[in-house]
Amino acid sequence: MLKDITLGQYYPAKSVIHQLDPRVKLFGTMLFIISLFSFRGIPAFVLATIFLIWVIHISKVPFSYMVKGLKSIVVLMIITGLFNLFLTPGEVLVKFGIFKITYEGISSAVLMVVRLMYLIIGTSVMTLTTTPNQLTDGLEKALMPFSKIKLPVHEIAMMMSIALRFIPILIEETDKIMKAQMARGADFENGNLLKKAKAMVPLLVPLFVSAFRRANDLAMAMEARCYHGGSGRTKMKPLHYDKTDKIAYVTLISYFALMLVLRFVWVKYIV
Amino acid sequence: MSIIEAKQLVHEYIRRDEEGNVESIQTALDHVDLHVEPGQFIAILGHNGSGKSTLAKHINALLMPNEGTLYVDGKDTKDEKNIWDVRQTAGMVFQNPDNQIIASVVEEDVGFGPENIGVPTEEIWQRVEKSLRSVGMWEYRAHSPNKLSGGQKQRVAIAGVMAMQPKCIVLDEPTAMLDPCGRKEVLRAVHELNRKCGVTIILITHYMEEVVDADQIFVMDEGHIVMQGTPKKIFSDVEQLKKYRLDVPQITLLAYELKKEGLPIPDGILTREELVKILEQQVK
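Residue numbers (the working numbering), protein chains in the order written: chain U, 1 to 271; chain E, 1 to 284.
Please note: incorrect hints may appear among the correct ones.
To be verified - Computed cross-link-like contacts, SDA-like style, restricted to lysine to any residue with a CA-CA straight-line distance of at most 20 Å: (1) E:K78 - E:T27; (2) E:K147 - U:K198; (3) U:K176 - E:K57; (4) U:K176 - E:N146; (5) E:K57 - U:A186; (6) U:K198 - U:A186; (7) U:K148 - U:S231; (8) E:K147 - U:T131.
As the list claims (entries may be wrong) - Which residues of chain U face chain E? A partial, calculated answer using Cβ under 8 Å: (9) F51; (10) N133; (11) I162; (12) E223; (13) R225; (14) G232; (15) R233; (16) T234.
Just so you know, the hints here were simulated from the structure itself, not pulled from any lab data. All residues carry an ideal CB built from backbone N, CA and C; glycine is no exception.
With these hints in hand, go ahead and build the complete structure from the sequences.
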């Protein structure tokens with residue numbers, strides 16, 4: 001039952017976006033998020049929409065996959081929308097009881113919901129087209145400058161990739177322990193919240209014990225294979241920028257510049 | 001020159017209480033001498049807690065001897081300077097295949113060792129291909145280790161060690177967690193490495209069937225090496241093996257029981273074919 005959880009929702013396909021350097025995708029996602037939270041006005045919104053649709057189109061990932069991610073934040077979107085709708089002060093349109101809907105409220109509610117939607121879709125583009133490993137590699141390389149100020153970049157990346165490797169193993173183990181406890185009469189499904197939480201104790205204790213034992217074994221296996229930190233280490237799959245990556249950077253930056261222009265120039269002079 | 005030379009090796013596990021006072025001392029290795037020639041296939045047998053895993057970890061410099069010295073390819077494992085050389089010379093494969101695979105793609109895991117010792121990128125790929133082919137796992141290079149069977153995982157682990165081009169591989173109960181099928185797979189791969197690549201193999205196990213092809217067998221009990229010799233010699237002494245709580249291969253046991261019943265059968269029968277041949281002669 002727990003086996004069905006998929007982590008890292010990589011969608012394998014051969015597209016330009018898939019082949020991009022993970023650093024480009026990380027940078028692009030960041031830029032896109034910044035642009036989302038700084039834009040104002042209809043034209044910027046249209047530009048962001050066009051850009052997003054274009055990227056999804058060339059990534060060859062079916063649109064339904066992108067929308068799947070939205071399901072998990074529907075509640076969050078509704079709450080954000082409602083709060084913005086009712087609690088924004090301004091020109092009152094409708095009023096019933098203590099609730100009032102203002103013109104500003106409607107526009108900011110729509111804006112916030114759209115932003116959240118685009119945020120999730122935008123980041124899904126990255127996670128759907130990049131394997132978790134590539135992502136860690138990209139992060140490691142991108143954060144490398146920070147190792148000068150003693151940030152343990154290599155160690156962080158190593159921990160991330162090991163965590164990714166062990167998540168499915170630990171899930172399987174949880175499943176096994178759960179079944180073993182159920183066979184001896186443990187009840188994980190009935191009762192109130194407190195009871196359910198208490199039922200988790202005999203599940204978590206053996207899980208933690210085994211996780212520590214695994215960690216110990218793994219550390220020994222890594223040492224046996226001469227692992228001694230990031231220094232003097234070579235890469236089996238080093239990251240290189242090629243032509244497409246450069247083009248992608250230029251595209252991203254021009255998109256961002258255009259957004260900035262729209263934000264400042266449009267808002268100031270035209271509206 | 002011998003590849004592994006242990007002289008009077010002693011290792012003690014010291015258990016301390018909260019104040020740091022010594023509570024108990026357990027001697028895992030008690031003045032062990034070991035001599036292994038390059039290219040040999042060595043098996044170390046022993047019951048649980050006999051010290052065989054402790055000995056294995058010494059060969060890889062994961063543990064240091066309390067007394068005595070251990071030379072791996074002429075290098076003293078106690079010397080800090082030698083530690084990475086020793087680990088590169090003597091690779092190690094552990095019992096649980098899940099807990100020794102680091103990466104989430106087979107080929108990346110095999111590349112982990114060479115990455116650590118600073119091999120250039122192109123050579124890493126050559127080594128990865130060569131070692132994956134040598135254990136017959138090249139077709140699975142892009143798979144996730146989670147999707148492989150136990151035997152396949154263990155072969156990936158062996159390939160990971162091979163990619164560091166060791167002279168010697170220590171396998172610490174590599175088949176203990178595998179089904180009979182996986183066990184056969186792994187042993188075939190190990191024997192092939194020994195024959196084709198001339199890698200010295202030190203196989204630690206308590207499955208007697210796995211060691212009948214070894215060049216030399218060491219039997220350990222309570223930190224001592226108590227028996228030593230060719231499989232034929234070791235398995236001739238069924239009584240002694242039973243004393244050390246070890247089983248003999250079923251065929252050997254059958255031959256032993258038949259002999260006890262009065263049939264003129266020589267000691268140290270290891271394979272079914274051997275026994276059949278002798279019995280045929282008896283019938284004639």
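Against the structure, the hints:
1. Under the criterion of a C-alpha separation no larger than 20 Å, the hint pairing K78 of chain E with T27 of chain E is consistent with the structure, at around 19 Å.
2. Under the criterion of a C-alpha separation no larger than 20 Å, the hint pairing K147 of chain E with K198 of chain U is inconsistent with the structure, at around 33 Å.
3. The straight-line distance between the Cα atoms of K176 of chain U and K57 of chain E is roughly 30 Å, outside the 20 Å bound, and the hint therefore fails.
4. Proposed proximity of K176 of chain U and N146 of chain E is supported: the alpha carbons are some 16 Å apart, at most 20 Å.
5. Taking the CA atoms of K57 of chain E and A186 of chain U, the gap is about 40 Å. The hint is violated against a cut of 20 Å.
6. A C-alpha spacing of about 11 Å is found between K198 of chain U and A186 of chain U, which places the hinted pair at or below 20 Å, so the restraint holds.
7. For a cut-off of 20 Å, the pair hint linking K148 of chain U to S231 of chain U stands: about 13 Å separates their Cα positions.
8. Restraint check for K147 of chain E and T131 of chain U: satisfied, since their Cα atoms lie roughly 17 Å apart, inside the 20 Å limit.
9. For F51 of chain U, the interface hint is violated, the least distance from its beta-carbon to any beta-carbon of chain E being 32 Å, above 8 Å.
10. With a cut of 8 Å, the hint placing N133 of chain U at the interface with chain E holds, because the nearest CB-to-CB distance is about 6 Å.
11. For I162 of chain U, the interface hint holds, since its Cβ comes within 8 Å of a Cβ in chain E; the closest pair sits about 7 Å apart.
12. Nearest Cβ of chain E to the Cβ of E223 of chain U: about 6 Å, under the 8 Å cut. The hint holds.
13. A cut of 8 Å between beta carbons decides the hint on R225 of chain U: the least distance to chain E is about 4 Å, and the hint holds.
14. Using the Cβ-Cβ criterion of 8 Å, the hint placing G232 of chain U at the interface with chain E is satisfied: the shortest such distance is roughly 5 Å.
15. This hint holds: R233 of chain U has a C-beta 6 Å from the nearest C-beta of chain E, less than the 8 Å allowed.
16. Against a cut-off of 8 Å between C-beta atoms, the interface hint on T234 of chain U holds, since the closest Cβ of chain E lies about 5 Å away.
Comparing the model with each earlier hint shows violations of hints 2, 3, 5, 9; every other hint is respected.
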